[in-house]
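A.B. asks: What follows is the residue order along each chain.
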Amino acid sequence: MSALSTPGTTTPAAYRGPGRGGAGLTDLVWLTWRQHRAVIVAGLAVAGMVTGSMLYVAARIATINHQCGNTACPPGSAQAASLTGFFGLTNLSIYLTIIVMFLPLLTGVFLGAPLLAREHEQRTLLLAWSQDITPQRWLWTKFALLGVLTAAAGAAVSAAAGHLAHMVSIATGKSLFSLFSGAGFLVTGMLPLAVQTVAWLAVGVALGAAYRRTLPAIFTALTGYIAVLFLVVWRYPSLMTPLTALVPYRGNQDFTSRLGANILVIHQGMDTIYDASGHAMNRAAVQSLCPPANSGSPDDQCLAQHHFMEALRYQPGSRIPDFHLVLASGYLALGAIAVAVVWWLVRRTSLSAG
Amino acid sequence: MSEEPSAALEARGLTKRYRDVVALSECSFQLPAHRIIALVGANGAGKSTLMSIAAGLLPASSGEVLAGGQRVDPHRRPRPGDTAHRVAILAQDKPLYRDFTVADMLKFGQHTNRVWDQRRAVNWLGRFEVPLQRRCGRLSGGQRAQVALAVALGSCPDVLLLDEPLANLDPVARSEVTGELIAEVADSGITVILSTHIVAELAGVAEYLLLLAAGQPVLAGDIEELLDGHIRLTGPRADLPPCPGQIVRAQHTARQSTFIVRLPSQAVPSAVAPGWSGGPLTLEELTITYLKTSAKPPRALEAAV
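Chains as they are written, first to last, in the working numbering: chain A, 4 to 357; chain B, 15 to 319.
Worth flagging that the hints you see were computed from the coordinates, not collected in a lab.
Please read these numbers as outputs of a predicted model, since none were measured by experiment.
Where a beta carbon is used, it is the ideal one built from N, C-alpha and C, also for glycine.
One thing to keep in mind: the hints can contain errors.
Some chain B residues well away from chain A (every beta-carbon gap over 10 Å; in silico) [said to hold, decoys possible]: (1) Gly-123; (2) Arg-128; (3) Gly-292; (4) Leu-297.
Just so you have them, the derived chain B footprint on chain A, three or more residues with Cβ under 8 Å [claimed, not checked]: (5) 33-40; (6) 323-333.
Computed spacing ranges between beta-carbons, pair by pair [to be verified]: (7) B:Ala-200 - A:Trp-36: 32 to 40 Å; (8) A:Ala-343 - B:Gly-27: 56 to 64 Å; (9) A:Leu-28 - B:Ser-42: 50 to 58 Å; (10) B:Gln-260 - A:Gly-27: 53 to 61 Å; (11) B:Gly-151 - A:Arg-140: 23 to 31 Å.
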């Protein structure tokens with residue numbers, strides 16, 4: 004129905020039937036469910052299976068950890084064997100985490116991209132946008148409903164991923180596993196994954212609105228997701244200025260006692276060598292104490308014996324919530340841009356009945 | 015209490031450009047309410063563009079369309095309690111959600127419209143024996159058209175725009191649909207505007223004609239009055255017809271001339287001059303005549319004979 008209202012204008016003589024009309028929020032809930040129920044059910048099933056699997060693996064790891072006295076299981080034990088190996092629980096956790104990392108992409112591809120693109124392809128926008136609901140209301144109500152649903156699912160999956168990562172961290176030893184690195188960091192913390200899921204839903208909708216074809220929108224979303232993932236993995240360690248600490252050269256790599264658990268090591272190397280009191284030493288002094296071996300490099304054992312130190316640049320584990328917040332803000336900005344693009348494109352969309 | 019506007023649809027200086035192509039050019043007209051109005055024109059005349067603008071799906075480049083006296087705005091819809099005119103459109107390809115059942119499509123209409131008459135929609139489908147539980151993707155072209163019509167009618171519009179509504183229907187279904195449309199107009203008082211380029215479909219259906227050519231209205235009026243107001247005159251070779259009026263078209267052979275003349279208002283054709291024979295035009299002849307001559311403005315005649 005087109006817009007034609009002015010208070011005070013009398014009703015034309017057109018027939019008004021006895022039936023009840025709609026066009027309210029609950030009516031749009033019905034429409035959203037009816038149109039997208041297959042994808043919603045499939046998506047929730049996938050999210051449910053992944054979440055269930057992660058909780059199951061986490062429970063198994065907790066049991067093993069309990070059997071090992073709530074510490075890392077000794078190498079060679081049956082418990083350690085079930086944790087390691089290609090199909091061990093640790094690797095299984097990594098596989099599940101990687102699946103979780105791509106759930107936002109699935110949301111953008113299967114829910115976001117077709118939202119407008121399929122309507123354009125099948126010309127059903129002519130039908131949807133010529134009723135008593137404005138195009139903007141039709142779109143944003145559907146987007147809000149799907150956004151809330153996907154954000155909730157993303158937060159739930161992320162919570163399970165966080166629990167699993169925590170259990171893996173305990174079982175494998177906090178010195179070997181950091182919640183600050185890799186996919187484990189990207190999918191935990193609830194907020195980043197929840198926001199990321201909604202952001203990619205918005206990106207999918209924007210691409211669908213721009214291309215008006217589902218397949219190109221899906222392909223572009225896929226490419227964009229991988230590009231953004233690489234960008235995030237590349238840039239996130241330096242989102243905040245890293246701290247520097249001097250650590251024994253090639254000594255005990257367990258920094259947990261000194262630097263706390265879950266640090267993110269950004270750089271560790273012998274650009275500069277420090278003596279035991281923390282003073283930088285020049286190359287000649289080092290070489291006089293530890294002459295180069297055949298390879299031309301200083302002898303590692305000698306350097307360790309002299310208690311030389313090297314610089315370690317790192318992000319402390321206490322910054323994980325801050326980093327998650329920055330990451331979520333980035334995805335929020337991505338989603339906001341996508342939403343603005345959708346709004347602009349929909350305002351400019353013209354449909355012809357012919 | 016204000017009075018109901020007499021025009022169901024009115025265009026004021028309506029222009030629509032698609033980059034360099036002008037689809038509608040400075041169109042101004044009024045279409046009466048509670049009638050079946052034929053919107054006729056050749057392919058590309060601007061019929062679908064006009065309907066899309068009137069339905070609020072397409073913005074005009076300049077000018078405006080008023081439905082029931084209110085400006086059509088794509089970004090506004092009537093609110094609960096409003097008594098504004100509502101416009102429904104049935105697009106040429108009758109789009110439906112393929113995975114919806116017919117019953118779902120009726121629910122769609124109910125959930126997306128402030129006013130909905132389920133009985134009216136179901137009755138329409140019942141008349142054409144469209145199965146309610148079948149998915150729209152499995153319906154025939156004719157059945158899809160009936161479902162789209164049922165959704166449009168169920169929303170109880172004041173103005174119903176039908177773009178080539180009979181294109182997918184067999185001859186029997188065409189006759190039935192037009193008959194039902196006439197009954198709907200009589201029962202509910204809605205205004206139906208149907209576009210077509212097949213004038214034969216309109217016989218006995220449309221009451222009012224708007225003829226578009228090259229994006230401009232070239233003829234508008236009550237069809238009976240238009241037919242009564244035109245005459246074909248055939249006689250010996252002559253430069254002018256033997257009666258006053260506006261020459262719409264003139265054809266000459268070596269010995270014979272044929273004129274299509276629009277008679278002055280109130281004029282009743284009297285006896286035709288000796289040697290001349292006169293006859294009425296069919297609607298198809300009238301529209302074809304105007305479409306063929308639309309590029310050439312008709313000459314006015316003050317008087318003849």
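A.B. asks: Could you say whether the range 23 to 31 Å given as a hint is met by the Cβ separation of Gly-151 of chain B and Arg-140 of chain A?
C.D. replies: Cβ of Gly-151 of chain B to Cβ of Arg-140 of chain A: about 27 Å, so the range 23 to 31 Å holds.
A.B. asks: Quick one: work out the minimum CB distance from Gly-123 of chain B to chain A and report holds if it exceeds 10 Å, violated otherwise.
C.D. replies: Gly-123 of chain B is in fact no farther than 10 Å from some Cβ atom of chain A, at 7 Å.
A.B. asks: Against chain A, does Arg-128 of chain B hold up as non-interface, every C-beta pair farther apart than 10 Å?
C.D. replies: 4 Å, violated
A.B. asks: Against chain B, does the region 33-40 of chain A show at least 3 residues with beta-carbon separation below 8 Å?
C.D. replies: Answer holds; 4 residues pass the 8 Å Cβ test.
A.B. asks: Are there three or more residues in the region 323-333 of chain A whose C-beta lies closer than 8 Å to some C-beta of chain B?
C.D. replies: Not satisfied, violated; 0 residues make the cut.
A.B. asks: Just to be sure I understand the hint, the distance between the Cβ atoms of Gln-260 of chain B and Gly-27 of chain A should be within 53 to 61 Å; is that true here?
C.D. replies: 55 Å, holds
A.B. asks: Determine whether the non-interface label on Gly-292 of chain B survives the test: each CB of chain A must be over 10 Å from its CB.
C.D. replies: The claim stands: Gly-292 of chain B keeps its Cβ more than 10 Å from every Cβ of chain A (closest is about 39 Å).
A.B. asks: Does the hinted range 56 to 64 Å hold for Ala-343 of chain A and Gly-27 of chain B at CB?
C.D. replies: 34 Å, violated
A.B. asks: Do the beta carbons of Leu-28 of chain A and Ser-42 of chain B sit within 50 to 58 Å of each other?
C.D. replies: 41 Å, violated
A.B. asks: Evaluate the condition: distance from the CB of Leu-297 of chain B to the nearest CB of chain A exceeds 10 Å.
C.D. replies: 22 Å, holds
A.B. asks: Within 32 to 40 Å: is that where the Cβ-Cβ distance between Ala-200 of chain B and Trp-36 of chain A falls?
C.D. replies: 39 Å, holds
The structure shown violates the earlier hints numbered 1, 2, 6, 8 and 9.
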